[in-house]
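Novice: Read top to bottom, the protein sequences are chains H and L.
Per our numbering, the very first residue in the first sequence carries number 1; after that it's consecutive.
Per our numbering, the very first residue in the second sequence carries number 1001; after that it's consecutive.
Watch out, some of these pointers could steer you wrong.
[Said to hold, decoys possible] Simulated DEER-style distance windows between Cβ atoms:
no. : chain 1 : residue 1 : chain 2 : residue 2 : range
1   : L       : Pro1014   : H       : Asp41     : 48 to 58 Å
2   : H       : Arg22     : L       : Arg1108   : 39 to 49 Å
3   : L       : Ala1045   : H       : Glu96     : 18 to 28 Å
Don't read these hints as lab results, they were simulated from the structure.
The beta carbon of each residue, even a glycine, is placed where N, CA and C say it ideally should be.
There are 2 protein chains.
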Amino acid sequence: MRIAQLAERTNVSPASIKFYVREGLLPPGERIGPNQTAYSDEHEARLRLIKALIEVGGLTVDAARSVLESMQAAGSLGEVLGTAQRVASIEVQASEESLRRVREEVERQGWVIDPDNPGLKQCAAVFDAYLALGRSDLARLDIYAAASLAIAEVDLDLVDAADADRQVAAHTVVVATALGDKLLAGLRRITQDHVSRKRPQNQLPARPCDAKPPAPARNSQTNKR
Amino acid sequence: MRIAQLAERTNVSPASIKFYVREGLLPPGERIGPNQTAYSDEHEARLRLIKALIEVGGLTVDAARSVLESMQAAGSLGEVLGTAQRVASIEVQASEESLRRVREEVERQGWVIDPDNPGLKQCAAVFDAYLALGRSDLARLDIYAAASLAIAEVDLDLVDAADADRQVAAHTVVVATALGDKLLAGLRRITQDHVSRKRPQNQLPARPCDAKPPAPARNSQTNKR
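This is chain H alone, in the form it adopts within the complex (with noise of 0.2 Å):
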């Protein structure tokens, strides 16, 4: 297919394909004449896959560029979810101290992990923000823990599923790592605002659902009889 089609298909700009042509992140097409060049279904799926990584998952260039080129490595899926893992990453500063409070954590879970797991040091860095700010709500860490747990379960169920196909699964593990922080986060956006619609304590937003809210508590109708 020419270049507009393949726009047209993915909702990416011309100007936009090239650049990630340019940028190394998408093969070039082949060349079929003076000003031609023709693009396959390979182009299409990648170009689609570059396109989540960057819109959806947040994803700098070069930060989709090197989880794609572990994707094509001969290294293990290990090696594919390591840099998947990196690059989806904030770089963050943490504190030696806060570092270890987590590292401590890690053990105490039972745990068994990369030292160097990007995700020690982001964690550190929100303890060390919750330290200046004076607070130590750390009391919930063991819910998130199980609840990450169970996620991670999940997610490594989904490589397991597709590992008859190295590159399937190599995928999978790109694209569950990029898009399922923020399928959790859009979740947890949902789902913190219906906690809050059923605890009567809480104030409730100034606009409220169509749907109805849940009846009240049958006992707060006290045994008057």
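Once you've looked at the hints, dock chain L against the given chain H.
Specialist: Just chain L, lined up with the frame of chain H:
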């Protein structure tokens, strides 16, 4: 205290402090002489919050300003939560079809929410990306949903615990919303790593952890007697 001391205590440069004052995030200090300005403990606390929102939470200056303004406005905690959720969400496009699917999913879960909750669009954008990639990996959605609900419950517990003082409660909502996503993303990287090592069929990353890997499963030794 003087600006140099404020800078040292919070690890924010004097130039950035002046920038936050110009941008309306931090109230100006008190003029105590020509070229001399005094800052209070309230300035210090506010500056730590600004730093956490921007550096760890990843908020833009405009987003941080909106959150800080909503904290100080007379609105309900639900409104503070709504603002924090909105500004901490990525700006995404989503198809009507995927939005409808997310709404159906919310209804199926029995969740009652604001029809404009920003999580709806964020989840729909992830659905769109999966569809564009030829995937229907949404089998795991139930587990993500259950995990997210558990997290929202503890998030709101925090708010309830703090609700004696509305200003403290608002502060808690803002911090939990902006930093909770990052904590969860960090934990997800850690637990994915842990789970991938528990599963013998997954190749492990090249650089192993100091700790011993778990022993191989017993039932791989078949019943030769």
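Novice: Could you run down the list of hints and mark each one as holding or not?
Specialist: Here is what the structure says about each hint:
1. For Pro1014 of chain L and Asp41 of chain H, the hinted distance range of 48 to 58 Å is satisfied, since their beta carbons lie about 56 Å from each other.
2. Checked against the hint of 39 to 49 Å, the C-beta distance between Arg22 of chain H and Arg1108 of chain L comes to roughly 45 Å, which is consistent with it.
3. Roughly 24 Å separates the CB atoms of Ala1045 of chain L and Glu96 of chain H, a value that falls within the hinted 18 to 28 Å.
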